[in-house]
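Residue numbers (UniProt numbering), protein chains in the order written: chain P, 1 to 970; chain C, 1 to 241; chain A, 1 to 326.
If you are wondering where the hints come from, they were derived from the structure by calculation, not from laboratory data. Where is the CB? At the ideal position from N, CA and C, for every residue including glycine.
Heads up, simulated BS3-like pairs for lysine-lysine below, C-alpha to C-alpha not over 30 Å straight-line:
(1) C:LYS151 / P:LYS18
(2) P:LYS689 / C:LYS151
(3) P:LYS80 / P:LYS552
(4) C:LYS110 / C:LYS126
(5) C:LYS151 / P:LYS48
(6) C:LYS92 / A:LYS315
(7) A:LYS152 / C:LYS128
(8) P:LYS545 / P:LYS80
(9) P:LYS277 / C:LYS223
(10) P:LYS228 / P:LYS925
(11) A:LYS221 / C:LYS110
(12) P:LYS552 / P:LYS629
(13) P:LYS641 / P:LYS669
(14) C:LYS128 / P:LYS961
(15) P:LYS827 / P:LYS228
(16) A:LYS315 / C:LYS126
(17) A:LYS152 / C:LYS110
(18) P:LYS700 / P:LYS48
(19) P:LYS471 / P:LYS710
(20) C:LYS126 / P:LYS964
(21) C:LYS110 / P:LYS964
(22) P:LYS245 / P:LYS228
(23) C:LYS105 / P:LYS964
(24) C:LYS105 / P:LYS961
(25) P:LYS697 / P:LYS48
Selected chain A positions facing chain C (in silico; Cβ < 7 Å):
(26) LEU67
(27) ARG69
(28) THR78
(29) MET79
(30) SER83
(31) LEU151
(32) LEU235
(33) LYS236
(34) LEU238
(35) GLN240
(36) GLY241
(37) GLY244
(38) ALA246
(39) ASN248
(40) TYR321
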Amino acid sequence: MQDPTTQSDNDLGRVEVKTTTCYMCACRCGIRVTLRDGEIRHIEGNPKHPHNQGVICAKGSSGIMKQYSPARITKPLLRKQDAERGTSGFEEISWEQAFDIITERLARIRAEDPKKFALFTGRDQMQALTGMFAKQFGTPNYAAHGGFCSVNMAAGMIYTIGGSFWEFGGPDLERAKLFVMIGTAEDHDSNPLKIHISKFKRRGGRFISINPIRSGYSAIADEWVPIKPGTDGALILAINHELIKQGLFDREFLTQYSNAAELVVDDPRRDDHGLFKRFEMHVEEGCFDPENKLWWDRDLDKEISTHTPGTEPRLLGEFRLEDGTHVKPAFQLLKDRLEEYTPEWAEGITGIPADTIRRLAHEMGVTARDQKIELPIQWTDSWENEHESITGNPVAFHAMRGIAAHSNGFQSIRALSILMTLLGTIDRPGGFRHKAPFPRPIPPCPKPPNSPDGVKPNTPLDGMPLGWPSKPDDLFVDEDGEAVRLDKAFSWEYPLSVHGLMHNAITNAWRGDPYPIDTMLLFMANMAWNSSMNTEQVRHMLTDKDEAGEYKIPFLIVCDAFQSETVAFADLVLPDTTYLERYDALSMLDRPISEFDGPVDSVRIPVVPPTGQCKPFQEVLVELGSRLKLPAFVTSTGDRKYRDYPDFITNYETSPGSGIGFLAGWRGKGGEKFLKGEPNPRQWEMYQKNDCYYHYKLPKSYQYMRNWNKGYLHWARNHGMIRYAEPITIHLYSEVLQKFRLAAQGKGKGRKPPERLRKRIEMHFDPLPFYSEPLLSRLVDTHEYPLNALTQRPMAMYHSWDSQNVWLRQIHTHNYLFVNPIVAHAKGIDDGDWIWVESPTGKVRCMCRYSEAVEPGTVWTWNAIGKAAGAWGLSPKANESQKGFLLNHLIPEELPPCESGDHLSNSDPVTGQAAWFDVRVKIYKAGPAEPAQTSPQFIAQKSLPGQKTYRGRWRSFFAGKIGKSKGSKL
Amino acid sequence: MTQLALVIDLNVCVGCHACVTSCKEWNSSGWAGPLPDERPYDADPSGVFFNRVQTFEVGCFPNTETVHFPKSCLHCEDPPCVPVCPTGASYKREDNGIVLVDYDKCIGCKYCAWACPYGAREIDAKNKVMKKCTLCVDRVTDESLPESERKPACVLACPTSARIFGDIHDPDSAASVAIREQGGYQLQPEWGTQPANHYLPRRRSQMQIHEDELIRADNPLRKEEVEMPIEQGDTLDDVAW
Amino acid sequence: MHPAFSVIFLTTLIGIGQGLFLALYTGQVYALANLIPVQESLGFYAIGSLVALLFLVLGLISSVFHLGRPERAWRAVTMWRTSWLSREVIVLPLFMFLVFLYGVIHFYGWTQPLFTVADTLAVDLSLIIGFMASIAAFALFVCTAMIYASLKFLQEWHTPLTVLNYTLLGLASGFMFAAAFSAYVSLGLVSLFGTWAVIFTLLGAISRAASLVRNRNLRDKYGLRTAIGVRHPTLKQLSQGFMGGAFNTREFFHGRTPAALRLIKVFFMLAVFPLPIALLATAYILESSSLPIAAFALQYLGLIAERWYFFAEAKHPQNIYYQSMA
Ligand SMILES: Nc1nc2c(c(=O)[nH]1)N[C@H]1C(S)=C(S)[C@@H](COP(=O)(O)OP(=O)(O)OC[C@H]3O[C@@H](n4cnc5c(=O)[nH]c(N)nc54)[C@H](O)[C@@H]3O)O[C@H]1N2
Ligand SMILES: Nc1nc2c(c(=O)[nH]1)N[C@H]1C(S)=C(S)[C@@H](COP(=O)(O)OP(=O)(O)OC[C@H]3O[C@@H](n4cnc5c(=O)[nH]c(N)nc54)[C@H](O)[C@@H]3O)O[C@H]1N2
Ligand code: SF4
Ligand code: SF4
Ligand code: SF4
Ligand code: SF4
Ligand code: SF4
Ligand SMILES: [Mo]
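Bound-form chain P, shown alone (with noise of 0.2 Å):
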């Protein structure tokens, strides 16, 4: 052999070097992609991007693996007239073809009623385009992921701080001393998170997880808090309890920026009760919390209007107003609300011992207060008043789906927000920092449409798909109150469901509730698998058809670029490029890379060409826009506008000479401005120039305390990211909430919730948060499923797309479920045994694991690992779908009837965020003579015209043309 240090590996074969956004995750690391005679030879981490920082994770650097791998799609496929859906019985047909099918049927559901058309994304990065096509086509049925992930976290946070963690905010390690994970595996910001959390312990800061799971990023915390599922909320409030008992919180930042000194009306029988006590005032359009608000002035003794310089507001205490409206202050509610959740009583609920969690708080109490960061940074606030420094109370959380995937998830996370509040660490050092966009006002300015009247035919829709309701009035209900969207997002059932409800629009299509729909477009989203609850039951919802024979969700269009279990059920399947094929713009509309120091936002450019026949959706949407003539892709004329979508992408503005496009970097003629600016037709060349990404740092003075920070709004303002510069007071009492209550109490004028519902509403649109038991422990008998069943993200696979990746499956080839010893010994059962896994929904067959690290109500599994027979490129007999098992078989899309409803959705009842973690099991010992192989087994996938199945006994890659030497490949 060659002595390798005489020989360079760039010196075999013809290598180049390219640079591009990765996308094995939703986390868009910068990439480096070396290429050896046109072959991908090795992807890593871009060292000079800002997000990823050189670093690379276990699925980045699979890439290659994904890109040549046997489960790719390469033609288009039309369903054969004699085959069943669901059999993978497909023709190729031409991208003509395809185009054809699709521009007639859209073209006519438009006309008719554009509702029928209902567009549903998953896991993908490109919901501006998607959702802009919605809303041009004019049907609201659309959304993406959000309903079914985390919109707890983004609306209880953003409800409350005007921003979130999730891909919109998040701690700032770099400063903190005291950090605490929440119900976090993995998250988003995959590998910053890692760089962050590891720079911090090595600093000495202090980790706590909360978690009824010991794994990843908890493995390494100095202290591991196992809580039963669904609990936090009760935890938080204690904690909450115990800083208010002590004294513990930060008065200065509570009266200045968040609505605790506040005088709400406290009079049960006037119609504002619960609300805020406002006086006439000017008030911005659109402005949903304006300045009008009262303080009780301690000197005075009186109300005054708040922020009225040189007035220290009372916290503590009931007033009575010179009109005689009785008022207490927030805060002063907020502790009578807190009185009854003290840690003794948490420590029952949650499993946690009360002295734990005084010392919880205690800890974060004290830190905040003693170690207090300054920093030599001049602002001035929206009152105009100066500050000589920044500072900050260096205690950051981060929380995730853990606390978010729960039906109570919504408030927990408001109580979480508040306590960050108490502490004071909001947009301040060393604790939660937003990203920009974020602050945003609380809630944002888009709004759904609030009536039927938004869906007309031939029209785009009137007002956003998906928006951020602020009372009653804007819900999307038609006149009794009923839902108008499918997924029923929107309506009294799940008002704030800012994200839409993705995981019932199956369901719901199927059962013609609330209408019957015609065509379903699902692009990148495996929702025969992975991204719906109750799997079995929807699989078979996808075939079944109506006594006349035909299908009831007539028709099922899948873009994706793997044989995924959903492409067998579609009738047309649309081949996606992969990552490295295509253009992608990860735009400051949808959800950027934001840094805390500013925005940045990134783009894909493509290093190799497709294969086959695959192209990329943002050209079909593209392509389709302009053939059905969707306003925003024709000229007036009705002329096709944009070229492809690079094209579009430069030039598309969101209205006419806005200024304001998708790619927020290199704007105007030159490329001289940023953020809003007339199109650059050389913008992807200066993006491609500065590898891919566009980082715009704020002025130091506008890089904090951003929701009161006067600067920064009205740069925020001028530079088109929020509509007005009005502080963004914290939301410690939300009024939006009471409003919602108001109405269920019958109290107003405005709209009602139907009957049903009263009920409901008026418990969980409580606006100072409160605990309840998750719905499902409530109508489940608990003794009969007395475990709580989870899911995790393995930090290497990606959801259900990486069984197709010959390196990673061999990480994770099936999956167990992991069990305490002591649960498992009480029911006979050994570490390795099969058994069966039981919930009111269905049962499912696998082999379990003892597991030290997880607590013993919980038992657990590692996500999507695994997969239908002979899908993703596999064998029929592959480890993933003999061994493998998934979980959601088990947790149900819909509560069991209950008085307020029979189809409700298994969901969060204030935003319809997916309670995947609430669902309620059993476990007991599979019999001796059962298969050892899961259940339930589906009849074999069969592989796709086109598609490349491999069969060989080996893979031996090795990229370029000396390799074909070396090893042999596909």
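Start from chain P and add chains C and A with the ligands according to the hints.
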């Protein structure tokens, strides 16, 4: 003499497997490649990897620690795998201490793997030669790469920078400093193989709050005229006589 | 360890070859000392050598299956300074060559004395080559056994008993074959070879039993605590990092139940030691010519089991890293 090595910090390793697949990717098409995969899309896929990440549970609930543990060849200073090799295919480099296999000489007898107590070698059953972590010798010695990238693929990939690469014979290298100051240890030291790779143990940050630190004179509750819980207890004054 | 049949056959077959050759040579020495009648060169020594060579060749062939790249096997001679395997690779062909020479000498009857020592011992070419071959045979026992015995962390192997066992069992099976062969061609040497076969078998029984006892009392010098460096009494692996198997799980685990292992141990303890002896004794009494063949066949079967067990019994320290998948 130089002894290149990895120092793996278990205190920050989150078990993400980035080091596993970045290694596979770099080496598949590199000097040491290919790294074939058997039954790639069938039951029990099984390929050659130079690095694996394992998980261990320490203690019993609720005092459980979960430890992620990456393991590749440790580039022993006294490598038992080298002298047993009958062909000289296994060798330890003089210039930097990396233990390598010359595939052109290897007869695939597996004896070296038997002689490695750590399970660090894997046969390439397709090409029938022994393979193992090369410490990315083809990267770390490639002068055409910028200095900052002359590091193993797994080190560059690791999101938590849990993998420190350097010369452990140079007392001033980051690797040596970490070993010295953070309790670096070797695996199975009882065999005297002197692994060059070291591991850094978990370290725990704790916080101590004294009861009397909870309440301050400027306690915000005082501002609201709430009675503060002040610890009084009996005094001599309370005695009647 | 996972018992590989290539190595099981290699070691047992060459063991017979070595033992058989030593039996032949013993015969020659005995004849020289007039303890037995002089045997006819062609029929006895040449054929015997050929048969011994046959065993060696069979062993060699089976060893080829152990090598990934047998075409490069010649390279294996280079590291004799450090590698017992390399030494074996040198000594085995050398021994074969000497056995071959020994056979050729006898075949052509080049057995005229070259010189006489102390007036009584007539030294011919075959005696010299035979002597060298005998040394090679013993060297080969040592090399083969040291391949295993030199691995210090495979404690079950790391003992002089390994060398002793390989030697004694090789001798026993070789002499047993010689006895069977003699019985088959009805040479009058059954009792000579038979007696030695019994002696070696008995010695082998003692030394193999000793190693079994030793191994049963072995305590692992290593453990998970030093393997991963976490000092806690309760440690358990959750995941080994892959699920479809790897070299680490295939090469170092036998994958059988403890009960199966016990069964195999009992079988070989009977089949290698008491039963062949009993058969030989019966043959002696019944003057049967077929029972010695049965004795050899049984012993060889037993030896396959013995060698299987030898590998299976050895616990490789790497196994501690591969206890659980998830
Ligand atoms: N039990 C349980 N179920 C869950 C969750 C859970 O925690 N537990 N989590 C839920 C959450 S948060 C989410 S976000 C969902 C995610 O659910 P989905 O969004 O449905 O994600 P996937 O299942 O991976 O399916 C995405 C589809 O996109 C395809 N795809 C991949 N790359 C491309 C591409 O470049 N182009 C196109 N067109 N298609 C591509 C894949 O082949 C796959 O079929 O899962 C949900 N399901
Ligand atoms: N590698 C990888 N990364 C991903 C994904 C992926 O599939 N793979 N998916 C991406 C997507 S779409 C999403 S939405 C994010 C989600 O990122 P995460 O929110 O981190 O995702 P989950 O794996 O669902 O993690 C939920 C965690 O909450 C815990 N948990 C469950 N119930 C409770 C509870 O009641 N209380 C507390 N305190 N904890 C609880 C679980 O044990 C688990 O650790 O990850 C993204 N990143
Ligand atoms: S975290 Fe996601 S985007 Fe980043 S490298 Fe990994 S797969 Fe790619
Ligand atoms: S890449 Fe780093 S953090 Fe991830 S498993 Fe490897 S060593 Fe641990
Ligand atoms: S770890 Fe094993 S293979 Fe690597 S040098 Fe040490 S003994 Fe040899
Ligand atoms: S397998 Fe190759 S490297 Fe290992 S001992 Fe045999 S010849 Fe040497
Ligand atoms: S040093 Fe190189 S070969 Fe070794 S484990 Fe890391 S990436 Fe793999
Ligand atoms: Mo998600």
